[in-house]
Every structure is written in C-alpha cells, then in structure tokens.
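As you go down the protein sequences, you meet chains A and B in turn.
Per the numbering used here, the first sequence starts with residue 170, numbered consecutively.
Per the numbering used here, the second sequence starts with residue 170, numbered consecutively.
It is possible that some hints are incorrect.
Stated by the list, open to error - Here are the simulated DSS-like cross-link-like pairs (lysine-lysine), alpha carbons at most 27 Å apart as the crow flies:
no., chain 1, residue 1, chain 2, residue 2
1, B, Lys648, A, Lys648
2, B, Lys451, A, Lys281
3, B, Lys648, B, Lys665
4, A, Lys451, B, Lys281
Unchecked claim - Pulled from the structure, derived: some chain A residues nowhere near chain B, Cβ distances all over 10 Å:
no., residue
5, Arg361
6, Ser364
7, Ala474
8, Glu498
9, Leu671
Because the hints were derived from the structure by calculation, they are not lab data.
Because the structure is a prediction, the values reported are computed rather than measured.
From the three backbone atoms N, C-alpha and C, an ideal C-beta is built for every residue, glycine too.
2 protein chains.
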Amino acid sequence: MNGAESLIRSLIASGVDTCFTNPGTSEMHFVAALDHVPGMRSVLALFEGVATGAADGYYRMTGNPACTLLHLGPGLANGLANLHNAKKAGSGIVNIVGEHAESHLALDAPLKSDIQGLARPMSHWVHSATSAAEVGRDGAAAVTAARTAPGQIATLILPSDTAWSEGGPVVTAEPPAPRATVPSEAVVAAARALSGPRTLLLLGGQALTAANLDHAGRIAAKTGCALLSEWSNARLERGAGRVSIGRIPYPIDQALQVLEPFDRIVLVGARPPIGFFAYPGKPARLTRPDAEIIDLADWAADLDAVLDGLEQEAGAAGTTPLGLAEAAELPVPTGALTPETIGAALGATIPENAIVIDEAVTTGRSFFPVTAGAPPHSWINNRGGSIGYSLPVAIGCALACPDRKVLALSGDGSAMYTPQALWTMAREGLDVTVLIFANRSYQILRGELTNVGVQNPGPKALDMLSLDRPAIDWVGLAKSLGLEAYRVDEAGALTKAIETGLALDGPVLIEVVM
Amino acid sequence: MNGAESLIRSLIASGVDTCFTNPGTSEMHFVAALDHVPGMRSVLALFEGVATGAADGYYRMTGNPACTLLHLGPGLANGLANLHNAKKAGSGIVNIVGEHAESHLALDAPLKSDIQGLARPMSHWVHSATSAAEVGRDGAAAVTAARTAPGQIATLILPSDTAWSEGGPVVTAEPPAPRATVPSEAVVAAARALSGPRTLLLLGGQALTAANLDHAGRIAAKTGCALLSEWSNARLERGAGRVSIGRIPYPIDQALQVLEPFDRIVLVGARPPIGFFAYPGKPARLTRPDAEIIDLADWAADLDAVLDGLEQEAGAAGTTPLGLAEAAELPVPTGALTPETIGAALGATIPENAIVIDEAVTTGRSFFPVTAGAPPHSWINNRGGSIGYSLPVAIGCALACPDRKVLALSGDGSAMYTPQALWTMAREGLDVTVLIFANRSYQILRGELTNVGVQNPGPKALDMLSLDRPAIDWVGLAKSLGLEAYRVDEAGALTKAIETGLALDGPVLIEVVM
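In isolation and in its complexed conformation, chain A is listed as follows (with noise of 0.2 Å):
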C-alpha cells in the first residue's frame, strides 16, 4: 500500500468519501489508488473553483468535509475565490493539493512555487506532508481540522513521493469535540435583555435551523423583540410552516434604516452587522452608534443549546412562535421579467424540500419575501462575497442530497466565473436547475458607483459594467456542456420553463432575459 492508498483509506476511515478532482502529474498515484480503494465518490471538475465551491456545498447540506484533489500551486489558486467563500460559510474541506516530490523541490521546475504561502490565507490548517509513512496520519488530522466548528479550511500538501513511496498505517481522524457552552448567566442576561420591539435578535450559523428558528420564534411572541438574520447565511431553512425571518438589506442605505429603530441587538452566531464595503461619509458599523451590542454566542459555540435556554429563561416554552409562515398559493405571474414577477415565479414553483442558492445578486434582491410560504426548503446564500459560487455550490448539494430539487439562481456576470460547473452537472446527471438573470451588466456596481460617491459616471465606466457587447447565449452556452436550456422574457413562460426544469432529473438552464 502506497502513501496515496493510505491517505485515501485514511480520508474513508474519517467520514470523507467524496472527492471533488481536478488533477495533473503530480496527483497519479491518487488517482490510480481511486481504484484501490472502494469507498471514495471522485467528481472531476474542469476548473478548481468548481472543485472547491462543490466541497463548500456538499459541506453545508450534510455537515461534513469532502475533499478536492488540486495540482500544484496554480491548481490551488483557482481554487482560492470559493475556499475564500466556504471559510467565511464556516464550511469544513480537506484540500489535498499535489506537489513536486522532494528531491525535485530544490530545482526551479515550472510548477514549483509557494504552496503553503498560497494556502494559508484561504486556510485553517495547512500542513506539507514530509514522509509516506504518515501520510495517512496527515489525512486524518486534516479531517479533524476541517470538522473543527463550525468547519475549517485544511489543506494537506502531497509531494508526489509520499503519494508513491511506501505507506503507513490508516489513521481515523478525531471524532469532532463538542461546540463551546455559553455560561448559563450570559443566558440568562440576555433573555432578559431582549425586551419590546426596540432590541433583536440577530441570527446566524447553526440559529437558523428550523427548531432553532422555532426557538427563536417563540422567544420573539414571548419577549416582542425582533428578528433577523445576516444578509448572507451559509444555510437558512425556511417555507410554510417555519419561522420566517428577515435578512439585513445589502445597500448600505437600507440596512442602516432598517437597524436604526433598535436599542439592543443580541447576537446568536451572528456578528456586530457591518457595511459590506466601506462608502466615503457612511458609517461602517450599520447599527446606531448608542446601540447595545449583547455578543452572546459565537457561531462556533452550541447554537442549539443557546435559543433552548434562551427560550426557558424567557418563559417562553410553549408558546407559539411569532412569524410562522403559511402556505401562499401564489398566482402564476404573467407579463414583464421584473425581480418582482421573477420572484413571484419562484414562489410558486419551489417544491417541497428543495435547496435554492441565491447568487441572483441585484435581481434577487426582492425574492426572499414572496417565498416565504413556499413549501419547506433551505436557501443558501453567499458569505465571502467573491462571485461565481452558486453553481459549483450547486453540484455539491446536489451530490449530498440526490432527493431533493436544487435551484441556483445566478446573475449572469457571477455565472462566468464558473461557467463550467455546467459540464460537471451535466457528467454526474444532477438534479439542478439553473436560472440565469440576464441583465447583461454588473447591475450591482452601477449602484455602488453611487454609493462611493461617483457622480455622472463617463462612457468608460460605464462600458467596463456592461456585458451587452456581445450578450452572452446562455442557452448556446449550456447546450454546448451538455445541458438542457431554455430562454424565457415573460413571467408565465418563465413559470412553466421552471416547472420543467425541476420535473426533470437531469440539470437545466434557463436564461431569463431581463
């Protein structure tokens, strides 16, 4: 057994049985061992980004690490923008990343270069492994610091002769500790403080589970305070039947007016809400400068037992949780592709237990509340900002989860990054279907001019937004992965080209021209 087959008898061992691949040289022994060893799911990717956004996904619907098989250190950094994404998720991989073998590492080859520099921003753990023997050592403790809550980045570095010189023992990671207690006052006082509808909770992480959100409902009717999440969560469960919870707007205008009002926020895997970028004369911190913030727990910490207690020291057992959602029978919309009559399309088509992933950027802006009666489903949002997740995240929902419908709405600008996680979706048979709001430009930026403060944007600025010269063939473009496609400018055809999509198994793309 070489050091690659007791690396991935390692990885198995620990719980890690999918591998998202897009190997080179260096990494054909860990190929080779695929066959070895039964066990390991190998999904080949044909850019890294897919490889790592996919491991980001399947993390966040099953909470635990797959890991991606990258070559070298460029194969690394196009995998860095969606390792970005997940780190800031809290979403636990195991990167293993090929490198020259050690007598090699001292002459100046074309791929050499700074591997651990490379990965260490986008990384928890990084660790270069130095002898075949451990290696299946390495694996395993890179499986028990991606499993650290709520999930790390672990990248393992594999000179290619520990992957072919003679392997060691199979080594089983860690079994995950137990999340961080919160100390019973700290409860206690914050149940206290959350008092009228002047003071919030602020959601995030592991609060946003349907029971924690029930929780959270029940204190909210007991306590009249406020709801709310992040603007972006790395999983919210939503739909009829469960608690409906707001999201802090992304224009700073909007969230700084809708935080305004209170006194006290409580935060519960949450963080002090702040601008996502800084705007010349406008605050960074969104909440009102006299407000208290009650840091309560962080989304490390045991989220399930924080909202538990929170709701008996508020005396808040029993009671019905404020905000539960109905179930709306929405009309089927006709007319003009507006973010509004696109919303209302989603709305009535997400079925039950679906999983969405919004990367719909500007025109999603207003889907969140005309789905909220939607039939149960988890809607997934993008946490690091870099642009370009949503369809690899995709393909690893879709991997973890092969029952449920999966929906990634993109803006078209964020669907290039990635365009081709199309090809892998299309490889595996995966169930997604993909809407692609084709508004031709970077939409969001036109507003952010504004925001930093640019008056009469010139010719110039303008063009380097815009994404109309040409536009973008979306359907041409997913029929030539080897998808199914559709193109859509009218709000009941959109309905229906939904409804196909999702009554199919395979994936689908649908070009919504705005």
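With chain A held as given, fit chain B onto it using these hints.
Coordinates of chain B only, in the frame set by chain A:
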C-alpha cells in the same frame, strides 16, 4: 484629482497605457477615473485569469508592462495561475488590487482576506498603498519593479480610501536599468568550450530573438556545436530565413535521449535542463551526470551582447549561420486528423508575421519541425505549466500587435480553464484564430500515468482523465460568446478553415475533432 486619478496619470506617465480589468465596488473610483484621464485603454475580462494572462501576452510582444485591475483577495486569487505563468516567463505586469478602506479593514467584512499573503508567491514586488498622496509614487514604483529585467510581477494593493481621497503628485517610473553584463573572460572561456557536436549551446529568453539566433547559427557553423532551446520559451522567433532551433522534448525519456550525447552545455538565458515533474526512478536533471554545465548568462543578462561576444570570440563573424530555415511550400494535407496532418495544415497556412501561441499539449508535440519553414513568425510557449494560458495570452498579443495575425492552439482540457477569454476576443473584435484540439481527454495525463509508474490504471482513474461525457460542443460554446466557429474532422477542411479564420479580421474558433 483623487488618488485613483493620480495613480492612472502616473501609470500613463510611466508608459503603462493598457489595463485589463475585472473590477468590483472597491475599484469603482479607479474605473470612474478612466473617464477623467485620457490615454488608458481599458479592456474588460469576465474572469481575472483572462486579465492576467492578457497582460502576460501583452508584455511578451511589447516588452512593456500592462496593468490589471482586480477585486480584492479573491479577484487576485483568480488571476494567480496566469500570474504564475507570467512570472516563469519573465513577463512584467503591474497588478492593481483593490482593498477595503483602512477604517473597514479592522472589521471582518465578507471580502476581507490577506491580499499581501496571496500576492507574494506570484509577485516579485508587493506594496499596500497607505496614503492617497503617495499613490502616484506607488504606481511609478510598481512600473519600475515590473520593468526590472527580464520582467517582474508587481502588485500594488489599493485601499479604496487611497483611491477616493485627494491625491498627490503624478510620478514617472525610473527608466529601466540596463541589463547585467557578463564578464568578457567568461565569454572567452565559453567560446573555447563550444567545439564539436558533443557541445551544446542551450538558449532561452532574449537569446531567441531573430538577431540572436543568427549569432547562434554562426557560432554553430563555426564551432560545430549543437543548438537547442528549452521546451518552453516565452517567445521564439522562427520561420523561413531564420535560424531554426529545436526544443528539448517534454517527455522525460525523449528529453534524456536528446541530451545524452552532450559532454558540455553552455547556457545562455536558459537554465540547467530538468524534468517538468519528478518521476520515480528517473533523474531530475536531464543532462548526463558527468556533463559539464557552463552557466554563462542568466535570462536577466544582456544576452544580445553575450551572443555577439561569443560570435566574435569563436571567430564566427561573417560565416553563414547554420540551420537557416528554407521557405517550404507545403502541400495541403488531406485525410484523417492526426498530430502530423494538423501540423502540416499549420505549416501550409501560418501567415507572415503571425503570432502562434502554443498550448496544444499532446497534440502539438509534432507541430514544431513541420512549421519551421513557414513564413517568419513568433512562437509562444507556456513556461509556468499552469494550463489555461493560451486564450488569455492571445488577447494581449492581439491588442499589442493589431497588424499581426494571432493563432492560438489549445487542447480542449486547457481551454476549459479560461473559456471566458473568447468573450473578450469578441468584444474587442480581436484578430485571433483559435484552434481547439478536441481529443476529449486530459491526454497528457494518460502518458504521465505510465511515466510515474502506474501499471494498468483502473476505470475510476481513467474516468478522471476523460472529457467525453458529455463531449463539449466547442462550436456552440464559441458562438454563445460571440465568435464565428467551425468544426472540422479532416485535414483538408482544417486547412481551409484556418485560411478562412485568418482572412477574417475578428475572432474565429475552429474545433478540431480528433
């Protein structure tokens, strides 16, 4: 004048007048300033690896850096693979990477990351601007660094407040320092060492200009030494009437065989030959262990003077260069598409003054000899080994040399890393003919499996190297991004399609079905 404007004016004053952009909110003041400052051409890319690769191509043809505009850490990360290639090719590039305003950096905003840490592995020079008043000076310093021989990667991180605050003076970069000279005693000794067919003059970098190859050809004629270049060259001048020079083969066994005869190797702008990767049981150094290596001049030295000096010292002045390629009127090939017939089609069609960018990987290994007698042209290789470089590099070449025809030769696997480049070609109406060799596999890795000692790879391993499920429709893909496109499966038709592509002024893609 704000900081952004002072930066753009300083870049232009320093001779940098082309910017490959993929901006976001933190870069909006730079984008807005493009309308206030005449003289900066701004070219939009939909993925950052296209922008950095284009800047690489631009430098290879002009010897002058372009700049890129990238969005924070993840935007830079997406550009790193092609910065790696540019760095290994000795290309000078100025990266402008937006960053949060200083006041925002203390907060953990979604897009915050360690930009310096990400930049360092692929940059020679990294600096974070700290004051709007100094940004012009920082920009000039970046250009000075990028112009340091042979060409360096300079990354300037631009916090948004240094862009929007009142700027300082416009500053001009230092003129490039003269290249290092090589002591004449070393040249004299090397000239004496070159004698007979068991000595090799191995050339790289600036030694591969037409004039320097003439020197080399005369030295070979006089001394009887052999001439070779490295496998990958940043740019090689060749074709009818120029000294034809071979390249050390990529496959390890062939490379060892080609270098085996040589007792003595004189390096001029080249490095001691090593394998691209380490292979078990095979040497890393490709020269015979007892061969003498004379490292006369590295790639940053004044190679024009070195080769002129070698010619003088060898008494070769006035002799007719050995290996002058004769113009070859190649018959138009017919029949099945093989590496040989494709090479013949190229040999029959490469027009005078063309720029050929070679990322044909396995298919292209035989292209070189058969095209030696084509009209004079430039040949560009990937020196960094990170695939996905040819389409972006073609953009930079075409913009740098609007009067020259550009031929980009890419494997299908390689082209899928940066297909977004096609859109920028269409948008800019670039005169590029792209050939995609659709063998529907990572063909090179099938050979490498054997080279690294994997016997009888199993179905899972082979599946990770197969791109045929689904087969990518390259014609559909190219058309979806605004290009003319044709599919050919026969050598005569290929020849005709290349001629058609070259006759048009805009971009054309030809899918060559293998």
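Each hint, compared with the structure:
The straight-line distance between the Cα atoms of Lys648(B) and Lys648(A) is roughly 11 Å, inside the 27 Å bound, and the hint therefore holds. Between the alpha carbons of Lys451(B) and Lys281(A) the distance comes to roughly 19 Å, so the proposed pair stays at or under 27 Å and holds. At roughly 19 Å between alpha-carbon atoms, Lys648(B) and Lys665(B) fall within 27 Å of each other, so this suggested pair holds. Distance restraint check for Lys451(A) and Lys281(B): the Cα-Cα separation of roughly 19 Å lies within the 27 Å cut-off, and the hinted pair is therefore satisfied.
With 10 Å as the threshold on Cβ separation, the claim that Arg361(A) sits away from chain B holds: the shortest Cβ distance comes to roughly 28 Å. No beta-carbon of chain B is positioned within 10 Å of the beta-carbon of Ser364(A); the least distance is around 28 Å. Look at Ala474(A): its CB is around 25 Å from the nearest CB on chain B, clear of 10 Å, so calling it non-interface holds up. Every beta carbon of chain B lies more than 10 Å from that of Glu498(A), the smallest distance being close to 36 Å; the non-interface claim holds.
Look at Leu671(A): its CB is around 21 Å from the nearest CB on chain B, clear of 10 Å, so calling it non-interface holds up.
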